[in-house]
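Trainee: Here are the chains, one letter per residue:
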Amino acid sequence: MAAGRQVEVYLDLMSQPCRAVHIFLSCAGIPHRVRTVALRKGENRTPEFTKLNPMQKVPVMVDSGFVLTESDAILKYLATRYNVPEHWYPRQPERRARVDEYTAWHHSNTRPHAAKVFMLEVLLPAQSGSQVDEGRLIRALSQLDDTLDKLETMFLRRQAFLCGDDITVADLLAICELMQPLGGGRDVLQGRPQLQRWRSRVQSAISDAFDRAHAILYAVRDRHKAKL
Amino acid sequence: MALELYLDLHSQPCRSVYMFAKKNNIPFEFKKISLLDGEQYGEEFGKITLIRQVPALRDGDFCLAESIAILLYLAEKFKTADFWYPADLQQRARINEYLSWQHTGIRLHGSKVFWLQLLLPKLLGVEVPQDKLDAALEDLDSSLKLIEEKFIQDKPFIAGDHISLADLVAIAEVMQPVGSGLDVFEGRPKLSAWRDRVQAAIGKELFDEAHQMILGGVPVMDVSKMQVLKSKIIRLFL
Numbered sequence: 001m002a003a004g005r006q007v008e009v010y011l012d013l014m015s016q017p018c019r020a021v022h023i024f025l026s027c028a029g030i031p032h033r034v035r036t037v038a039l040r041k042g043e044n045r046t047p048e049f050t051k052l053n054p055m056q057k058v059p060v061m062v063d064s065g066f067v068l069t070e071s072d073a074i075l076k077y078l079a080t081r082y083n084v085p086e087h088w089y090p091r092q093p094e095r096r097a098r099v100d101e102y103t104a105w106h107h108s109n110t111r112p113h114a115a116k117v118f119m120l121e122v123l124l125p126a127q128s129g130s131q132v133d134e135g136r137l138i139r140a141l142s143q144l145d146d147t148l149d150k151l152e153t154m155f156l157r158r159q160a161f162l163c164g165d166d167i168t169v170a171d172l173l174a175i176c177e178l179m180q181p182l183g184g185g186r187d188v189l190q191g192r193p194q195l196q197r198w199r200s201r202v203q204s205a206i207s208d209a210f211d212r213a214h215a216i217l218y219a220v221r222d223r224h225k226a227k228l
Numbered sequence: 229m230a231l232e233l234y235l236d237l238h239s240q241p242c243r244s245v246y247m248f249a250k251k252n253n254i255p256f257e258f259k260k261i262s263l264l265d266g267e268q269y270g271e272e273f274g275k276i277t278l279i280r281q282v283p284a285l286r287d288g289d290f291c292l293a294e295s296i297a298i299l300l301y302l303a304e305k306f307k308t309a310d311f312w313y314p315a316d317l318q319q320r321a322r323i324n325e326y327l328s329w330q331h332t333g334i335r336l337h338g339s340k341v342f343w344l345q346l347l348l349p350k351l352l353g354v355e356v357p358q359d360k361l362d363a364a365l366e367d368l369d370s371s372l373k374l375i376e377e378k379f380i381q382d383k384p385f386i387a388g389d390h391i392s393l394a395d396l397v398a399i400a401e402v403m404q405p406v407g408s409g410l411d412v413f414e415g416r417p418k419l420s421a422w423r424d425r426v427q428a429a430i431g432k433e434l435f436d437e438a439h440q441m442i443l444g445g446v447p448v449m450d451v452s453k454m455q456v457l458k459s460k461i462i463r464l465f466l
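Top line first, the protein sequences correspond to chains A and B.
Under this note's numbering, think of the first position of the first sequence as 1, with each following residue one higher.
Under this note's numbering, think of the first position of the second sequence as 229, with each following residue one higher.
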């Protein structure tokens, strides 16, 4: 058993919240060990993994025996436990509240709406061998469109990042969700300069951690392109 | 200017915020927003939050939406007792874990049952296909099971020995389908026992007061607003 403290995270980089955690660990310089759980191979359903997380989901964090699920809980725990630069999860109450507000809103908005597009365009057809359900896709794109409008007007209005002038864990969660449809070759930010500028700022702030986390998604995109 | 809380007690997250504020004697002005009357779309409310949802808070110049954010903000600002949102990182993380899971884990399902079983048919006169209702009830059932088995387990409360924000948020969601006539506690002794403990910790009077609207049967609404609401809800749930 290895000595020394090292956070362990169970991740599948095809999962948006897993990527957010992966990027954060790199950017914040937190020593960690990644254990890959390949969802497509059902590795989340093994008896061993189920013992760790009965919900059979990723990401899972283990910190000296303390097991934690849910990416926003993990990010907030890590930000506080490991003394990372304060901007990630500010301590000042009003600035912190802005991050809490976004991370809550994210669950019912950014996450489901972006994930649905990817599911309809890539996952479902791959699993069932059938064609994309165009009707459902159009509705999903419309819903995502509403969410993108809201991101622009409610969160990015007059500020560089979602929760203020500096990058926070909220931006990591959001960017990873919005990148997902790229797996099917779709850039959902196309035609949205404000959100594209935000994405560039996030990518600059994160630097190589961004592409490292997204390498698998890029590979899926390339394979998908080759098939078309 | 006193703290303002914009609330509609038909809404689960509003009840959680209401119970928390009242229980902790946090002085606030109750600003009623009637969701059924579409008051969240009014110009005034839009100045508070563009998210246009309740609950919402205004504290001087600072405005905030999302119940989880509001609860955390109030706990910090009014230095409420540690057990609500402990300073201990691991205990706090456990609560955050529940508060994160619950958005899709229970909130969605309890709301759906409430609409499909009560408001759609009884208020808006929309017939709900049995298979949709059955699916919603099944999802709710799974959620309640997970709450019992994964979050409560054999502890008195979700975070352990004391009530916390997690229980406050959970109880409001669990009570929502009760408002549509579904006894979620039947056949679930663990959940019932937990409910009793939460109710006792909050205080029966406050608990009942918060839940009065949801347990009062079919609400009254302006007939002229029904059509718009109908289309919106049908698109959402059916």
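A few of these clues could be false.
[Stated by the list, open to error] Keeping only pairs whose Cα atoms sit at most 25 Å apart, straight-line, the calculated SDA-like set for lysine to any residue is: (1) B:383 with A:54; (2) B:250 with B:437; (3) B:307 with B:418; (4) B:373 with A:82; (5) B:418 with A:53; (6) A:116 with B:461.
Keep in mind that the hints were calculated from the coordinates and are not lab data.
Trainee: Next pair to validate is residue 383 of chain B with residue 54 of chain A; report whether the Cα-Cα distance is within 25 Å.
Mentor: holds, 17 Å
Trainee: Take the C-alpha atoms of residue 250 of chain B and residue 437 of chain B, compute the straight-line distance between them, and say whether it is at most 25 Å.
Mentor: Status holds; Cα separation ~11 Å.
Trainee: Are the Cα atoms of residue 116 of chain A and residue 461 of chain B separated by 25 Å or less?
Mentor: holds, 20 Å
Trainee: Just to be careful, I want the Cα atoms of residue 418 of chain B and residue 53 of chain A compared with a cutoff of 25 Å; is the pair within it?
Mentor: Holds, at about 21 Å.
Trainee: Can you confirm whether the C-alpha distance between residue 307 of chain B and residue 418 of chain B stays at or below 25 Å?
Mentor: violated, 31 Å
Trainee: Residue 373 of chain B and residue 82 of chain A: Cα distance at most 25 Å?
Mentor: violated, 34 Å
Consistency with the previously given hints fails for numbers 3, 4, ordered from lowest to highest.
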